[in-house]
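Protein sequence lines, in the order shown, are assigned to chains A and B. No gaps in the numbering here: position 72 of the first sequence is 71 in numbering that gives the first Met the number 0, and each next residue is one more. No gaps in the numbering here: position 565 of the second sequence is 564 in numbering that gives the first Met the number 0, and each next residue is one more.
In case anyone wonders, no lab produced these hints; they're calculated from the structure. Each residue gets a CB set at the ideal place from its N, CA and C atoms; glycine is no exception. Hints are supplied without guarantee of correctness; some may be wrong.
Mimicking DSS-like on lysine-lysine, the simulated pairs with C-alpha atoms at most 27 Å apart in a straight line are [what the hints assert, rightly or not]:
(1) A/22 x B/249
(2) A/18 x B/249
(3) A/65 x B/282
(4) A/22 x B/82
(5) B/628 x B/41
(6) A/22 x B/128
(7) B/82 x A/65
(8) B/82 x B/41
(9) B/494 x A/65
A partial selection of chain A residues facing chain B, derived with a Cβ cut-off under 10 Å [unchecked claim]:
(10) 8
(11) 15
(12) 27
(13) 28
(14) 31
(15) 36
(16) 46
(17) 47
(18) 59
(19) 66
(20) 69
(21) 72
(22) 76
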Amino acid sequence: MSEITLDTLMPGDLARITKVRVKGPARRKLFDMGMVAGSEVELIRKAPLGDPLEFRIKGYNLSIRKDEAKQIFVHLIE
Amino acid sequence: MENKKIRVALAGNPNVGKTTLFNAITGSRQHVGNWPGVTVEKKSGMRIYKGYEIEIIDLPGTYSLTAYSMDEIVARDFIIEEKPDIVIQIVDASNLERNLYLTTQLMELETEMIIALNMCDLALERGDKLYLDKMEEILAAPVVRTVASKDIGINELLDKVIEEKNNEQYHGHEIGYGDEIEAMILEIEKILTEDPELADRYPLRWMSIRLLEGDANVHDKVSRSLISKEIDNLLDSIDQEEYEADIADKRYVAINAIFPQLCTRCDVKLSKSDMIDRVLTNKYLGIPIFLALMWGAFELTFAFATPFMDMIEMAFTWLASNVAGSLQPEWLASLIGDGIIGGVGAVLTFVPNIFILFFLLSLLEGSGYLSRAAFIMDRLMYKIGMHGKSFIPMLMGFGCNVPAIMATRSIEDEKDRLITILVVPFVSCGARLPIYVLFAGTFFGRQAGTVVFMMYVLGIAVAVISAKFLRSTVVRGRPSPFIMEMPPYRVPTLKTSLVHMWDNGAMYIRKAGTIILFGVVVIWLLASFPWGIEYGSEGSYVGMIGHFFEPVMEPLGFDWKVTVSLIFGFVAKEIVVASMGVLYGVGDNQEALTQNLIADPAITALSSLSLMVFSLLYMPCIATLGVIKKETGSWKWTLFALMYGIIVAWIIAFIVYQGGKLLGY
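Given the sequences, and given the hints that come with them, work out the whole structure.
Next up, the structure:
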């Protein structure tokens, strides 16, 4: 299983978070919103201009920018 | 006599129906203001129930209490410093997992808690099974089912509040963080107990956990104590970032362990919301639909409000002239007529705008679309150093800057919000159009339309460049991260929207109104004195100021007359045109004014262009300054907005005028 970053998912892809490397206040906010190692995330859609991305996590929808998504590492779930 | 007062704080995630529940409990008996020292809204209300006086304080909606935003600091400071008798956490039954995260943090604050399981109807409809008994047992707190939008469960909730108040015994439950972290927590607790003042004031376990998570706000509370050195030594020895991740992780692990016992639910299929979003945030349809909705909102706010605004203006003009006619001596008639009645009129003219805007914003927010709007526009706004949420206020600015600046309230991050407030005044509002129409029409003939359009483009360009400039100078830093819940679409409740509209309208009149009135009276004084001169003429103080500033304004192509009308434009920009009429002695006669302008050698096509540029940019009108003061809560930033506008306007008008001259115009 290879490790990829969250921004490379395609709509409909399901993945499990392995590591959150985001720094600064965004780190804590992401944790608070459920973006912790072990959580399952699904990419629902991209915004019309390609950024931000909308995910389904912990039973609700959360959107974040690619800048942050690039620093979140995941494994794809088949 | 037993004490019959109970103080209750409402806590909960955003979008869980907190405001609706607050309105359902308190009815219309509520007070809206700001939390001391910050611009976060504070609402409180009273309810008499079964002989108890229950005070409800609505805390800002937060996902967590980790001091990420001002909202979170305000919410938790209220709970730990003010110690309300009971905290009600409103939990969205259809989104239990994430809502429980806040529950785990509230438990650590060691406060008496009741859980209001809201929107049960939605969860049950979806097929979820909720086990309330189990929930009460595991969370060690009473759980009440509510559907706030239908007034269901409100009395049961209040009954529980009274029951809990009379039940002295505190029962709490806390989650464990595993051996390593627990050992650290104990060690910090031990150090904290050495300072009895701290230990008395704050829950020790909570403080220790927060310190481990690297909470700067809690660290400040400790730094004044003698034990701060000891704490710092300990914290330096660990990898705090790792601890931060571990603690958040353990909270979710704990939630994962209890969650299946509280609720079993069907697989979450593609919900109605997702279906709607397939259209509303569609790659191709998303932006056109957004623009159409915004156009609709804009039209409603400004076109719909115009007849009401005209009526208010007419009523005040009538009042002013009738009062002026019947009063003696003349100066008193003028003070009351032109000064005070004119000033009150200036304040009230904006009321229809503001009421409609806040009603619509509340509908957009309540329906869930406001988050989508930010989602759709964020890419564009981020590129210019702003947040997706800044788009709607900037757009509203084309109608009127006053409601636009009030609309920035939906931006949580203080810096993002400040930048938006500072650049909105460059967006060309409706009141500036008469100035362009007069001068472009007089001097540019068939090119008039293009010139007016260029003014709008210039306004946007200056706003964008200013945002970039401010980001790299006075309001340093990057736009706040876009980490936003896309809440499910819901039908907004009319009551909530009406209350929201009323609160904000009333707040505008109270807070901004006084500043606007004061400014209008000052301008009146300057235009009416020294004793005996004609209102606003060359001999008045305004005229003198115009003459005084003539040398500064001359490089822009302005004489004293133009300078004076610009000073009047401070009251409201459309007044520039009216005061030109007065100064040329032609009153309201537009045609005569046009003739006079063409005949005046001091005004050329080039200087009129420079004048349009200057009018567009030079300073927020007094009403806008009033709301800037109110929304930033700072005279410093209000003054900054004023001076920044004047300087930018002067520089660009200078370039236009001198550049034009060099090119031979």
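TODO: Provide an ascending list of the numbers of those earlier hints which the structure does not satisfy.
DONE: 4, 6, 7, 9, 10, 11, 20, 21 and 22
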